[in-house]
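Given the coordinates of chain A, assemble chain B onto it according to the supplied hints.
Sequence lines, in order, name chains A and B.
Counted the way my numbering counts, the first sequence spans residues 1 to 577.
Counted the way my numbering counts, the second sequence spans residues 1 to 266.
These are calculated hints, taken from the structure and not from any lab test.
These figures come from a predicted structure and were not determined experimentally.
Cβ atoms here follow ideal geometry from the backbone N, Cα and C, with glycine treated the same way.
Each statement offered as a hint is correct.
Pulled a few chain A residues facing chain B out of the computed Cβ check, cut under 7 Å:
hint	residue
1	Glu124
2	Phe128
3	Phe298
4	Gln540
5	Tyr568
6	Ala574
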Amino acid sequence: MLNALRQRFNIPPRNEWRSWIGKMIDERVRIITAGLSIKELRAVVRGDPPTEKPNPRYKVITTSFIAHLRPRYYPAASTWFTHTFRLGWFTTFFFIVETLTGVILMVYYIPFPDQAYGSILEIESNVFFGELMRDAHRLGAEGMVIFSWLHLLRTYFTGSYKGPRTFTWLTGVLLLLITAWLSFTGYLLPWDQLAYWAVTVGTSITDSGPVVGPALNILMRGAPDIGTGGLLRFYLQHVILFPLIAILFISIHYYKVAREHSISLPAVIEETEITQEEKKEANRRIDLIPDLLSHEIFLISIGTFALLAILYFRLFNSPLETHANPQATPLDTKAPWYFWWLQGMLKIDPASIIENLVNPLFEMVGISFRLELSKLLNSKFIMGLVVPPGLVLLLMAIPYIDRNPSRLARNRPFAIAWGLAWVFIVIALSYMGTPQYGIETPPATRIIQDLAPEEGEGPLRLIPYAELQQGIYVVGEDYGDDLCPGLAYQPNPEEDVNNVVIGCPHLTAVFEQFSERLLEAEAEGGLPDLNARLIVEQLQANMFRVTPHVEWSDPITGDAKAYEHTYYLHEDRAREE
Amino acid sequence: MKRVQLEIILGTVFVLLSAAIMIVLGIREPQRLADYEVQQRAEEIEFGASVFVTNCTRCHGTQAQGITGIAPSLRDNHFFTQRIAEVGWGAGLEDYIVSVVTTGRQVSTRPQLYVGGGTPAMPTWSEKFGGPLRDDQIRAVAAFIMNFEPYALGQVPTVEPLLPVVDESTPEGRGQVVFLQAGCNACHTISGLSTGTIGPVLDGVGLRAATRVEGLTAEEYIHQSIIEPSAYVVEGYADGLMPQTFAETLTEEQIADLIAFLLTLQ
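Just chain A, with the same shape it has in the complex:
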């Protein structure tokens, strides 16, 4: 019976079992590793040379699908850290972080206006590691945007878009656009004020387009205003359509690098006189297995740690404003920072600039004709729909415009200067795109907004609850050094019983800031007949209502004006400084 089994399964005699089992395991390992034996695997991990000939490590690249996407080796010089800074690599790393955290967030997120905001609150308050996932997803998105821009700049300044890499550059520019669109579509999903208005303003750009503009706007928003249809459209673009497009273009972009033209060598190696040894060292093969892979594992450990450390020390926190409200336009509509340059451009009106330049000339010469470009050209259309696509086309066309064959920086001064100029222009435009730039807010509104912004903290919201004391504090009256001299409280009685705050320094400071800025504005003539007060009322046992109230006469018409804003401060609201 036993013998029959032995024969049936081809089992050798007992003294040969050891080698027989070893052989069986080795076979399985070779199948799983696509060609590496146990002995070879050991050599790989120890950093020993290959144990067999031909090199079985190259066989993996032929037989394994995943490894087939990778290069066999890179020349040593192209992997110098100072040449690539691993920027493209980290962009891909963040794309993978986004995919992993995104899939987890998709489990909890509900893409409908009634429930979207609530589902975000649920993720933050009722999902284990929910906040961590959301913050990591947001931080990863910022990382992907930053690193794709830096990768583009590096490629530009090392001239790596030239020669065989022109098409790779083109796919890279497309990937930059895809990254931007992925982050913009994700921006809407929390369905808070920030999201709603940034996307409303963003999509409104298309509205100014000719013929198809309004139709395109409706196509994106799903209706004249963003609602159920619009949110679903953005959601599906964010989680299905554009990730797929991104994977397609990342594949094309990467395959070109890995299998066709490799990473560019530093120009000093290719174009300057170097010794034979230096040349040999520069072209030394850095194999995928084990050198590139082990380095990549190291980079993954750095990237993961950096992400976690930033989140652990709370250096980054994904914002969540109040629920989207189509009826209430926020005072400062903010695009994501990487679109500030576009927002800055929209504040420029080219037609009136040309008019202001040309019309005085006409007047000097005595021609009665006046150029009225503003009537013909819509600045939103030009700066929103003509110039940005033009810039993108220009970016794509760089390899075809720049015919200079050299990649050495000293041989291409014009290209380097041009690149630096654009970096400067984008930074300047971004500054112009910040919400405060070039937008006048009435002084009373601005002062109250600075004290307590519609969204987020601000000095008024940071007043410790214990310092809120019912009263009407009138601007211009002398209250001495402290608004509530009779008050004394312990900021953290559990940790330090001896720490006692006398009076209400925070409330006093807020009132002083409020008074000072109002009186300044009155002195400058912005708020004549100023009459202002800060009203602090106890509304409920654990909640105060604070109302900064300002009355003044309009400097021009003399009409009586008033502005006030009401804030509710609950005892349990965290006040972090």
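Positioned in the frame of chain A, the structure of chain B alone reads:
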């Protein structure tokens, strides 16, 4: 040391550090979730307060204290301890508030006490039924009203609400305080003081009062309008909207102050 070895050592350190961060965050996570929920509730109450002030004070008063004859107090003992039993509501009070705010009231449940703000007695507030409020806003209003519980049950002494600074040594100043305390502001607009729209605007009433009803002086007309609102109803307003109870709830002296104040509106 070779570069690979350095990378292995550093990589191991980073992996261990990352694991340590995850463990620490994991240990803290239940506390963080609990804190976030408290924080969330606080923000919901704050938000609910702003929704209440914009939408509900016209009938329920600026501090939810109710307006005699129009709508009940939402912060008294009766509301917190007996109301749901009175109407036979099976679930909790907060859900009751959400339900009533969502659908409103076609007719008053206590017409002899509170007539409501017209027809329907209370409008439907949910945007599902044509009202202005989203579900989360209605939930927030309920959270805000529930937060009156310590006051309603007498666990915490009620703090008297602040009133605008007025000179209380004059009858006119005292009259302005009466105007706000008696809840007149909920229905009547006076520029710069109140925004109610159920009753006529009182701007300039000091000019109109003398000529409204033949044979009555301005003082007599306003006095009659306060204690006997149905004697003369301004055109365009339904009879019975104004509470008939001010003769009992206000003293003659308060009414005199109120008249003095209203006569200053010219």
